[in-house]
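Based on the provided sequences and hints, a complete structural model is requested.
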Amino acid sequence: MEVNKDEALRCIQISKGHFNDGNYEKALKFAKKSLSLYETPQGQQWLKELQENKGNSGSTANSSEGIRNRKKPKPTTREDSQPGLQNKTYTKEQLAEVEKIKNCKDYYELFSISKDASDADLKKAYRKLALKFHPDKNSAPGADEAFKVIGHAFAVLSDPDKRRQYDQLGPEMENMHRVPTGSPYGGGYGRQTYYYENEMTPEEIFRMMFGDFVFSDIPRNQQFFYQRQPRAQRRQQQQDSGRNSLLYTFLQIVPLLLLLLISISSFTSPKYPKYSFNPSRQYSQEAKTYQHNIPYYYNPSDYSFNNQKQFKKFEDSIEEEYFNDLIRKCELEKRRKMAKINNARGFFSYNKEAYEKAQKMRLYNCEKLHEYNYNYY
Numbered sequence: 001m002e003v004n005k006d007e008a009l010r011c012i013q014i015s016k017g018h019f020n021d022g023n024y025e026k027a028l029k030f031a032k033k034s035l036s037l038y039e040t041p042q043g044q045q046w047l048k049e050l051q052e053n054k055g056n057s058g059s060t061a062n063s064s065e066g067i068r069n070r071k072k073p074k075p076t077t078r079e080d081s082q083p084g085l086q087n088k089t090y091t092k093e094q095l096a097e098v099e100k101i102k103n104c105k106d107y108y109e110l111f112s113i114s115k116d117a118s119d120a121d122l123k124k125a126y127r128k129l130a131l132k133f134h135p136d137k138n139s140a141p142g143a144d145e146a147f148k149v150i151g152h153a154f155a156v157l158s159d160p161d162k163r164r165q166y167d168q169l170g171p172e173m174e175n176m177h178r179v180p181t182g183s184p185y186g187g188g189y190g191r192q193t194y195y196y197e198n199e200m201t202p203e204e205i206f207r208m209m210f211g212d213f214v215f216s217d218i219p220r221n222q223q224f225f226y227q228r229q230p231r232a233q234r235r236q237q238q239q240d241s242g243r244n245s246l247l248y249t250f251l252q253i254v255p256l257l258l259l260l261l262i263s264i265s266s267f268t269s270p271k272y273p274k275y276s277f278n279p280s281r282q283y284s285q286e287a288k289t290y291q292h293n294i295p296y297y298y299n300p301s302d303y304s305f306n307n308q309k310q311f312k313k314f315e316d317s318i319e320e321e322y323f324n325d326l327i328r329k330c331e332l333e334k335r336r337k338m339a340k341i342n343n344a345r346g347f348f349s350y351n352k353e354a355y356e357k358a359q360k361m362r363l364y365n366c367e368k369l370h371e372y373n374y375n376y377y
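For the sequence shown, this note's numbering assigns the number 377 to the last residue and increments by one with no breaks.
Simulated from the structure, these hints should not be mistaken for lab results. A couple of the hints might just be wrong.
With a cut-off of at most 30 Å between alpha-carbon atoms, the simulated DSSO-like pairs for lysine-lysine come out as follows [said to hold, decoys possible]: (1) 312 - 124; (2) 360 - 128; (3) 92 - 102; (4) 54 - 100; (5) 312 - 115; (6) 29 - 92; (7) 334 - 32; (8) 312 - 340; (9) 5 - 26.
Have a look at the derived ranges for each label pair, beta carbon to beta carbon [to be verified]: (10) 6 - 289: 31 to 39 Å; (11) 362 - 286: 22 to 30 Å; (12) 39 - 320: 56 to 64 Å; (13) 291 - 29: 21 to 29 Å; (14) 284 - 93: 34 to 42 Å.
For each residue, glycine too, the CB sits at the ideal point set by N, CA and C.
Here you go:
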């Protein structure tokens, strides 16, 4: 599918990074994954080159290429020369915060919000915690588990039905949704863990809220090995390395830019009344948008407008947030379905039962868009 083309091209870059690091197996894995997502000429060519040059990855720096190369000292990567980058460090405060998240049973307490908090407040709190505890930014032991807890808590509180049930039953609600073996939420939080069958994984939620490239999993450019290559090819590699370095630097500051934009928008956007898609003591009055009948809840004491035009803009902003959220979730559902289909096809075998099950997967959020006659799905 065309929707997977960008991801396929990204897998090629990841594969090349692993190849340059001397990890042939991972390079081959991502090259094949690229073709399973979307067959591109670049992917086919790269897989062919990999298969023809098996064993000639970045480790060829140690191969015998004559006395002249053997006499040269082995270049070191940035990680080799800076132990702090190789052995990631963390503070006592980070470790304590990770343990606090892992042991927190109250999702509202976890996000430091009240039960009456709006969806906007919840998303703001999630972004703050997700950036802080993402395993790519937090090296404390258990940070990945804390990140999963945060993602699951957000999945519960951001869904109106699940949040209503959680408000009624509290943590006991989770007993009805135990994790089966092989679930993306298995593996232990240091406590009994739970999930919902169609719940997005923590990484999917993170990508939905921040986009695909906030943290890049493309390996660092460690192309410090000797090879007999044409001068033009070496020059091209140096140029590519420079571009990748600039891209990586830019990706590192994206989270800060996002937070800055959110802060600026809070000052420049119109001061509309706060609302929520979930009922609570604070947002107790139900209303529906005029155009698409989307239900929302507001505080009667804070619900006033100067004119009809202002009211229309307010409801337009509600619908925009609602549909943008559905679109993001729909896109993730389609990616997940395609991934299951590709996994069922396999590289060397075909699992008919898994393939048919993947084909029958419903795209609930895409179906919602279709019900609203929204021209996307």
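Quick rundown of the hints versus the structure:
no.: 1; hint: 312 - 124; verdict: holds (25 Å)
no.: 2; hint: 360 - 128; verdict: violated (36 Å)
no.: 3; hint: 92 - 102; verdict: holds (15 Å)
no.: 4; hint: 54 - 100; verdict: violated (47 Å)
no.: 5; hint: 312 - 115; verdict: holds (28 Å)
no.: 6; hint: 29 - 92; verdict: violated (37 Å)
no.: 7; hint: 334 - 32; verdict: holds (20 Å)
no.: 8; hint: 312 - 340; verdict: violated (42 Å)
no.: 9; hint: 5 - 26; verdict: holds (20 Å)
no.: 10; hint: 6 - 289: 31 to 39 Å; verdict: holds (33 Å)
no.: 11; hint: 362 - 286: 22 to 30 Å; verdict: holds (28 Å)
no.: 12; hint: 39 - 320: 56 to 64 Å; verdict: violated (36 Å)
no.: 13; hint: 291 - 29: 21 to 29 Å; verdict: violated (48 Å)
no.: 14; hint: 284 - 93: 34 to 42 Å; verdict: holds (39 Å)
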